[in-house]
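According to this note's numbering, the sequence shown is numbered sequentially starting from 4.
Bear in mind the hints are in silico, worked out from the structure with no lab data behind them. Just so we're clear, the structure is a prediction, and the values are computed from it rather than from any experiment. Each residue gets a CB set at the ideal place from its N, CA and C atoms; glycine is no exception. One should not assume that every hint holds.
[Said to hold, decoys possible] Label pairs and their computed distance ranges (CB to CB): (1) 10 x 39: 31 to 37 Å; (2) 10 x 44: 31 to 37 Å; (3) 12 x 43: 28 to 34 Å; (4) 43 x 7: 51 to 57 Å; (5) 43 x 15: 38 to 44 Å.
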Amino acid sequence: MSSWLAMLQDAAEMFVFLAVELSLLFIVISAGVSLIRQKGARP
């Protein structure tokens with residue numbers, strides 16, 4: 004029982020880490036795209 008709970012906790016921590024990493028990556032990419040579009044619109 005305890006090993007199953009520990010495995011579930013490890014999976015949850017990994018899922019949270021991946022979710023945070025993907026959200027940060029998405030924010031960085033969207034910010035870069037918006038900056039590139041602003042530079043392209045106003046050369």
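Checked hints:
1. Taking the beta carbon of each, residue 10 and residue 39 are about 43 Å apart, not inside 31 to 37 Å as hinted.
2. A hinted range of 31 to 37 Å is violated for the C-beta pair residue 10 and residue 44, which are about 51 Å apart.
3. Here the CB-CB span from residue 12 to residue 43 is close to 47 Å, at odds with the stated 28 to 34 Å.
4. Between residue 43 and residue 7 the Cβ separation comes to about 53 Å, which falls inside the hinted range of 51 to 57 Å.
5. For residue 43 and residue 15, the Cβ-Cβ distance of about 42 Å falls inside the hinted range of 38 to 44 Å, so the restraint holds.
Hints 1, 2, 3, counting from the list given before, are not met by this structure.
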